[in-house]
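Trainee: The lines below spell out each chain.
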Amino acid sequence: MTLKGRSCANPQLLMHTPEHIKDRILAAFPGARLEVIPNGSPATQPSLLLHHGLAREIAAFLRDDPELRFDYASNATGVDWPEKIVREKVKVRKIIDGVEQDVLELVERKIPGFLEAVYHLYSMALGHGPLILRLRTGNRTDHVTLPSLTPVWRSCEFQEREIFDLFGITFEGHPDLRRILMWDNYADHPMRKDYAPVGEGEGQS
Amino acid sequence: MLGLGILRGLIETWRNFQGSYYDPARLTTVQYPEEKLTPRENARTIPFLVYDGDDPIAGLRCTACSICAVECPAHCIEIVKDPVKKPDYLGKMQFHPRVFDIDMAVCMECGVCAEVCPFDSIKMDRVFELSSGDRRMVLQKSDLAKSNDYFRHIHPVEAAAVDASRAGEQRKMQAKKDASPVPVAS
Amino acid sequence: MPPHLKAAGSDVAQASPPAGSGSVPLPSVLYAPGAGDFAGHDLLEIAMGPHHPSTHGVFRMNVVLDGETVVKLTPVFGYLHRNHEKIAEKNSYLASIPYTDRLDYICSMTNNWAYVLSVEKLAGLAVPERAEYLRVIVGELTRLQNHACLVGFLLQDMGALGTPMMYAFREREKILDLFESLSGSRMMCNYMRFGGCRCDLPAGWLEQAVKVVAEFDSFLDHFEALLNENEILRARSQGVGVLPRDLAVNAGVTGPCLRASGVNYDLRKVDQYGIYNRFKFRVPLGQHGDVFDRYMMRILEMRESIGILGQARHDIPAGPFVDPKFKLRNLRPKPGEAYGRVESPKGELGFYLISDGGPAPYRYRVRPPSLINLTVLEDMCLGHTIADVVIILGSIDIVLGEVDR
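Residue numbers (the working numbering), protein chains in the order written: chain A, 1 to 205; chain B, 1 to 186; chain C, 1 to 405.
The hints are simulated quantities; they were obtained by calculation from the structure and are not laboratory data.
Warning: the hint list may mix true and false statements.
[To be verified] From chain C, some residues computed to sit far from chain B (all C-beta separations above 12 Å):
1. Glu45
2. His51
3. Asn62
4. Glu68
5. Val76
6. Tyr79
7. Asn91
8. Arg130
9. Ser181
10. Lys280
11. His288
12. Gly307
13. His314
14. Leu382
[Unchecked claim] Below, in silico cross-link-like pairs of lysine to aspartate or glutamate (EDC-like), each with a Cα-Cα straight-line distance of 20 Å or less:
15. Lys84(A) x Glu89(C)
16. Lys193(A) x Glu85(C)
17. Lys193(A) x Asp177(C)
18. Lys110(A) x Asp356(C)
19. Lys36(B) x Glu173(C)
20. Lys94(A) x Glu108(A)
21. Lys174(C) x Glu41(B)
22. Lys86(C) x Asp176(A)
23. Lys327(C) x Glu78(B)
24. Lys86(C) x Glu116(A)
25. Lys36(B) x Glu180(C)
26. Lys86(C) x Asp188(A)
27. Lys90(C) x Asp194(A)
28. Lys211(C) x Glu180(C)
29. Lys84(A) x Asp176(A)
30. Lys90(C) x Asp23(B)
31. Lys211(C) x Asp23(B)
32. Lys84(A) x Asp356(C)
33. Lys89(A) x Glu100(A)
34. Lys36(B) x Asp177(C)
35. Lys174(C) x Asp23(B)
36. Lys193(A) x Glu173(C)
37. Lys72(C) x Asp176(A)
38. Lys174(C) x Glu35(B)
39. Lys327(C) x Glu35(B)
40. Lys325(C) x Glu115(B)
C-beta atoms are modelled at their ideal positions from N, C-alpha and C, and glycine is treated no differently.
Please model the complete structure; the sequences and the hints are all you need to start from.
Mentor: Right under this line is the structure:
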């Protein structure tokens, strides 16, 4: 048994920004598609969106790269983003009474829905973090497969099972993908925004 | 020697065994219901409604604003406003509830209702001996209304603070009335 | 070999189900992959739990045994699933605080703290100094009573028939009495608020707390004398349930289980959330990662917590217990997200919140340390006897309220 006091180095110095990490990943995987998603809250924890073609290889790189060493996946969670209809006033050039004018027209735009898996990565070896990774599915109906990161970080094992159970994202490459909280023959995904409980439901709101 | 650790442990159990005959630190069991623990000032169980004076209807502080029902995490409070107003402790005409039901089977005794009430009218009670022969878990206004004397008895510090602030409000209002008297119609 | 055992070898649930399907049928017997040829051996599959006195809640383990040796172990839970995350999407931010009490129901104060920390990050709220000290005091008291409870239960699982548990619970009751006089409730405290705490210390509370902590310190001396050298404890726990260091890090194990395997990662030192940078305390580390090390971790952490409490008691300033500008109702943080985490007595408890500008969170996620620590339960139990499974599970320290939410 040993007792160690660890004086933590200033986290600001150790924090790698997502832009820096994105550049490092692109240096190792030139074909990768990455995007930095900003964060509106005062927490200032922006995230890195990975298009899932090379996600598992990039994850292994993040874990093994000597400067990054993200050896600890703290949290893996799912988010449901249903389809949104956005109404905007757009300037359109129109001819009215023979004169070309700029007119504001109400235009409806559909933003397609998708499911998202969000991972929070930290480095126990080097003490920095978090790096927030996002993987998005094609839609919410038939393109709901994402590569599993369990082969890279074992901590995702139960959490990806939970995302599969509650959101319906199928993780390809997961060693044991089955429901974890709901019973095995359950047929729905409760954490989706359009989930409506059948049967008794609740008496009050 | 093998067994020395167990022997050291047995010294501890012997200490406890001896001490259970005379040492107050060992005699921690309270022989309920013949003996009861001293209730604590802040302890909370189910909510109750406070009324001033003797009349639980006229003196009820609740103005049916429904803030407690909105903020309740378990959504167990149901309030129906009575359209007829009655005067409060400052003489101002306020609504009051015709129906005020709390479903105690759902209530999780968290105290958020008491915390958000702007009128000091719903507070947390301390009763826990609630066994009864019937299964009526929805408490109505008549069950919930308890007097301010009871509130002072169970939470003396909090009740004194509430009384002081209400008395202060009454004094301020009286001072305003005295400073600008209503002119008598000629 | 019975026919159903032979047939089951082919439908082990390894393949991913087709996209969009609901669930995969569970085979009746599960084989450890690469476990070797068991032809001629009779394997016994038993379900330990969910009604079981030693599984620390409604928790089930499907254990496949060769004689008494564990060949495969599959944890099954979800019996206490209360869809806490979905409820939080419909309730205001304030209304979720009493629900967080009920996650890890032994340590309600640190649950509250993790949640309000995340909301404060999301909404950019500041916390006054006195409130930070109050949080540290109740947080460390929570750690003391949780570790006392855990060591008591662990020894109970080892067969000590309740004696260490009763001694530990006697001290724990004093801490719970302190919580009752402060927050109103022994365990479901609902004490923290965004920007501080719900109320200030009542008169005489701090003196009473000092007395309780001093008694706890001397209790720990006697407790260690009772247990540390005990040959039965050592024989049952040393070398049992070894968790290798690399597996612990990769599997996301946190808290005393991780530090027992020798990894120096304590969020109070790494993140230094709140005002933990002002306190001098050491982080105990283990060398073997077995059950005995995990037990000793709790004892040593209790000692360190007592040190922190002494420092907090001396340094706590006067001042407001909550940010005076903050109003209680109707918090609507700007759209964005935040992940806040604390070192709860079980491990890293994190809350991931996404706000869409409305009164309720768009996504509310609890990162439960008990669930993630269970990832390695099978690895630790393979090759041990079934009696050891109970002890290994006890040493991880799980609370089903947190595992299932």
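Trainee: State for each hint whether it applies.
Mentor: Status of each hint after checking the structure:
no., hint, in the structure
1, Glu45, "37 Å, holds"
2, His51, "24 Å, holds"
3, Asn62, "33 Å, holds"
4, Glu68, "25 Å, holds"
5, Val76, "28 Å, holds"
6, Tyr79, "20 Å, holds"
7, Asn91, "6 Å, violated"
8, Arg130, "18 Å, holds"
9, Ser181, "5 Å, violated"
10, Lys280, "31 Å, holds"
11, His288, "19 Å, holds"
12, Gly307, "23 Å, holds"
13, His314, "25 Å, holds"
14, Leu382, "29 Å, holds"
15, Lys84(A) x Glu89(C), "18 Å, holds"
16, Lys193(A) x Glu85(C), "12 Å, holds"
17, Lys193(A) x Asp177(C), "42 Å, violated"
18, Lys110(A) x Asp356(C), "18 Å, holds"
19, Lys36(B) x Glu173(C), "16 Å, holds"
20, Lys94(A) x Glu108(A), "18 Å, holds"
21, Lys174(C) x Glu41(B), "16 Å, holds"
22, Lys86(C) x Asp176(A), "25 Å, violated"
23, Lys327(C) x Glu78(B), "24 Å, violated"
24, Lys86(C) x Glu116(A), "17 Å, holds"
25, Lys36(B) x Glu180(C), "16 Å, holds"
26, Lys86(C) x Asp188(A), "14 Å, holds"
27, Lys90(C) x Asp194(A), "13 Å, holds"
28, Lys211(C) x Glu180(C), "16 Å, holds"
29, Lys84(A) x Asp176(A), "33 Å, violated"
30, Lys90(C) x Asp23(B), "53 Å, violated"
31, Lys211(C) x Asp23(B), "17 Å, holds"
32, Lys84(A) x Asp356(C), "13 Å, holds"
33, Lys89(A) x Glu100(A), "18 Å, holds"
34, Lys36(B) x Asp177(C), "14 Å, holds"
35, Lys174(C) x Asp23(B), "17 Å, holds"
36, Lys193(A) x Glu173(C), "43 Å, violated"
37, Lys72(C) x Asp176(A), "14 Å, holds"
38, Lys174(C) x Glu35(B), "18 Å, holds"
39, Lys327(C) x Glu35(B), "43 Å, violated"
40, Lys325(C) x Glu115(B), "17 Å, holds"
Checked against the numbered hints above, the structure breaks hints 7, 9, 17, 22, 23, 29, 30, 36, 39 and satisfies the rest.
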